[in-house]
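There are 2 protein chains.
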Amino acid sequence: MSPPRFASRGDHEAIEAGTLVMPKFDADGLIVAVAVDAATSEVLMVAHMNEEALARTIASGEGWFWSRSRKELWRKGDQSGNRLTVREIRVDCDQDALLLKVEVAGDGVACHRGYRSCFYRSVVIGKPASASLAFDEAMPQRTAPDAG
Amino acid sequence: MSPPRFASRGDHEAIEAGTLVMPKFDADGLIVAVAVDAATSEVLMVAHMNEEALARTIASGEGWFWSRSRKELWRKGDQSGNRLTVREIRVDCDQDALLLKVEVAGDGVACHRGYRSCFYRSVVIGKPASASLAFDEAMPQRTAPDAG
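In order, the protein sequences belong to chains U and C. Quick note on my numbering: the first sequence kicks off at 1 and runs consecutively. Quick note on my numbering: the second sequence kicks off at 1001 and runs consecutively.
Don't read these hints as lab results, they were simulated from the structure. Just to be clear, a hint being listed does not mean it is correct.
[Said to hold, decoys possible] Chain U is nowhere near these chain C residues, computed Cβ spacing over 10 Å in every case:
| # | residue |
| --- | --- |
| 1 | Glu-1103 |
| 2 | Ala-1105 |
| 3 | Arg-1113 |
| 4 | Glu-1137 |
| 5 | Ala-1138 |
| 6 | Pro-1140 |
| 7 | Arg-1142 |
[Claimed, not checked] So the derived label-pair ranges between C-beta atoms look like this:
| # | chain 1 | residue 1 | chain 2 | residue 2 | range |
| --- | --- | --- | --- | --- | --- |
| 8 | C | Glu-1103 | U | Leu-73 | 33 to 41 Å |
| 9 | U | Asp-28 | C | Ser-1069 | 15 to 23 Å |
| 10 | U | Arg-9 | C | Asp-1078 | 37 to 45 Å |
| 11 | C | Thr-1040 | U | Thr-85 | 32 to 40 Å |
| 12 | U | Leu-73 | C | Gly-1108 | 33 to 41 Å |
| 13 | C | Asp-1028 | U | Gly-10 | 19 to 27 Å |
| 14 | U | Ser-8 | C | Ala-1014 | 24 to 32 Å |
| 15 | C | Thr-1040 | U | Ile-125 | 15 to 23 Å |
| 16 | U | Arg-5 | C | Ala-1017 | 36 to 44 Å |
Quick reminder that beta carbons are idealized off the backbone N, C-alpha and C, glycines included.
Whole structure, please, built from the sequences with the hints as guidance.
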């Protein structure tokens, strides 16, 4: 399958004030994607896309990513049932980050640890750099952590 | 100034279910940080932190980042007046991404292009990969784009 094409990077104004999708993939061919709940705006997960994953997500409205650990294209939810329906994709000013507004299928769990969001722990601000993490007690954890 | 220390990366369980901050910095020494409005949860910007920026943010409650283009430590708002007061910092499951819940000072503009959020354009889903971008008409732009 030949790689899908996005517009090549234009000048500063074209990238920041234009209307062409000109994503900046990094040295590994990846761009960071932040998935948020379309209804509540809660940040659910941060993942990466390569060109193919982005093209599939745009075309299908489902969340596709690139797994850096498994080095493979990955449709979120294939293992867990928690597929992402992507209601909106946004790019940031310099087009090196994506924002996905999603609905999570199944029991609404986005994190492989069984939480609604991957961000289930917070850092205590004001403590030294070795500060500890506090779990979000308001975020329930599904009994069995499940992959993907 | 000697570099601040975070706990070194532990095993899988320590990273994902533990209470020590064990951030995973990438090959360039950076970790991605997503800043959201503490009140509305709207995603405002995606930036990067090195160890020093993260330590300063934790200690001060202000948003410090590493500028990859300028290759320097950068306190958000030093140029624009739009400093970030960080109300909460979260880490994700594998501790390779940060979530900052912030209040933006001044006129509340987080993007150097003069928008409240850097994500002021959306991709039309369902079109080919060369799809165009639509501006968010509901997001006003400050007259003069301002840096940092």
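| field | Ascending list of hint numbers which this structure does not respect | value | 3, 10, 11, 14
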